[in-house]
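Colleague: Residues per chain, in single letters:
Number of protein chains: 2
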Amino acid sequence: MLIIKIGGGAGINLEGIITDLAAVREPSLIVHGANALRDELADRLNMPKQVVTSVSGYDSVLSDEAAIDMILMSYAGLRNKRIVELCQRHGINAVGLTGIDGRLVQGARNTGIRVREGGKTLIKRDFSGKPRSVNEPLLRLLLDNGYVPVLSIPICDEAGFAINSENDDIVVSLHAALRADRIVQLIEAPGFLADPDDERSLLAQLTRADVERHEAQASGRMKRKLLAVKRLLEAGGAGLVIADGRGRTPLRDALNGAGTRIG
Amino acid sequence: MLIIKIGGGAGINLEGIITDLAAVREPSLIVHGANALRDELADRLNMPKQVVTSVSGYDSVLSDEAAIDMILMSYAGLRNKRIVELCQRHGINAVGLTGIDGRLVQGARNTGIRVREGGKTLIKRDFSGKPRSVNEPLLRLLLDNGYVPVLSIPICDEAGFAINSENDDIVVSLHAALRADRIVQLIEAPGFLADPDDERSLLAQLTRADVERHEAQASGRMKRKLLAVKRLLEAGGAGLVIADGRGRTPLRDALNGAGTRIG
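Chain order of the listed sequences is A and B. By the count of my numbering, the first sequence reaches residue 263 at its end, each step adding exactly one. By the count of my numbering, the second sequence reaches residue 263 at its end, each step adding exactly one.
Because the hints were derived from the structure by calculation, they are not lab data. Glycine included, every Cβ here is placed at the ideal spot set by N, Cα and C. One or more of the hints may lead you astray.
Claimed, not checked - A few chain A residues that face chain B, going by a derived Cβ cut-off under 10 Å, partial list only:
| hint | residue |
| --- | --- |
| 1 | Asn-46 |
| 2 | Pro-48 |
| 3 | Lys-81 |
| 4 | Asn-93 |
Isolated chain A, as found in the complex (with noise of 0.2 Å):
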């Protein structure tokens, strides 16, 4: 089976995936992003992000209850179901979940983040953590019915509240159970680059000990996304493909060749 993993940028061309994958003919499942719209959705309601700073320095993003309404509305909402109508519109038999839906992806939700207010240090806990889990009965039943799973955040914490979560762990935990013969990961970019600014230094193979390089030299969001990356080599089987989502034809291409080849 193939996992296509669609990043959520604005210049993610949708409806060439979605064209692209009509054609082909192997169980597949989508998981999707939607930062972009989820940016420009909290922008027109005037609802910036909550941005907290750590007892240790570290800025991170507060996943608020507000924050996770975001998400619902851009993700869960107006992302999902248009591609699931793409999906539809091209014959292809798309069913849209989140992690909620069924408890699909299982997480566990984060301790909370130490913070200093008014002269206290305090533990400030919000709606976001990582899967451990994934409901593999219910992807079956879905797969082997001839549907099309299209996956978005938010996951399903241990007490059934709706929380935040990173696409690429997702990624990881799906594999883990569902066993993926091809794993590809569109985004804005050609692949994977030697240099984040130049989109001529396209790297077209990484093998793990490159992988494993790259990591360690890494840091922040991008030290994250290469750690998955070698999890989701650690656990082995699949072909791994990170391709240009922006193409004409992006989905076609990268199963043809194009883009970064880890592995």
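Given the structure of chain A, go ahead and fit chain B onto it with the hints provided.
Modeller: Frame of chain A, contents of chain B only:
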């Protein structure tokens, strides 16, 4: 099985309804509205409804692309997933879906409204229509495996487009396929009122003949609602209750005799 239709008014006690549902020991399905939420969001985003006047003089709200976006954010996103979350928090394994997911509710798109513009008569076609059938195998798959489907608009037209539709008509289609034993409609009133402006005028019982008489006298939205009730009665088999969704234990009360019994 039990079908629960939850109105989209701001006064509906969702937490109370879902708490009650956790004690219900039969397969259940929820259909919900979100009109108050949609109107509030449209207001905050400054996206007023588009109203057109037909050549015969009737005003209609046009479900243009932006209106469907509003439905996706408020109904399919925020309201649907917060209900699913409430269910998960109360141990109910809910799966939130719209009519386009797996073509769960398939409809026929309206042919359009004849309007006069710039001295010409033309047809304005929007994204709205009427449900014609439901994907019964997908619903059975979920119900038979212990899931509680939580359904919302939009539904799916012949070509796969997301279209607006009336929940009353969707419930008729669901009952035709699933043959519910009980149908409970929870609204922002004590039930069916003899005088719409007087909450003390609750009619505890309506016969089929009563419904037909009221329907013949009603107009607009109320006529459409009574027509849907008439069609439910014609399909037969279900105990139908319209009751107050605003109380502390709305579903328990409705199942225990509150509101209006119909049939």
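Colleague: Each hint needs a verdict: does it hold in this structure or not?
Modeller: Outcome of the hint check:
For Asn-46 (chain A), the shortest C-beta to C-beta distance to chain B is roughly 8 Å, which falls under 10 Å, so the interface hint holds. With its C-beta approaching chain B no nearer than about 15 Å, Pro-48 (chain A) sits outside the 10 Å limit, and its interface hint is violated. Taken as an interface hint, Lys-81 (chain A) checks out: its beta carbon lies about 5 Å from the nearest beta carbon of chain B, inside 10 Å. Annotation: interface hint on Asn-93 (chain A) holds; nearest CB of chain B at approximately 6 Å, less than 10 Å.
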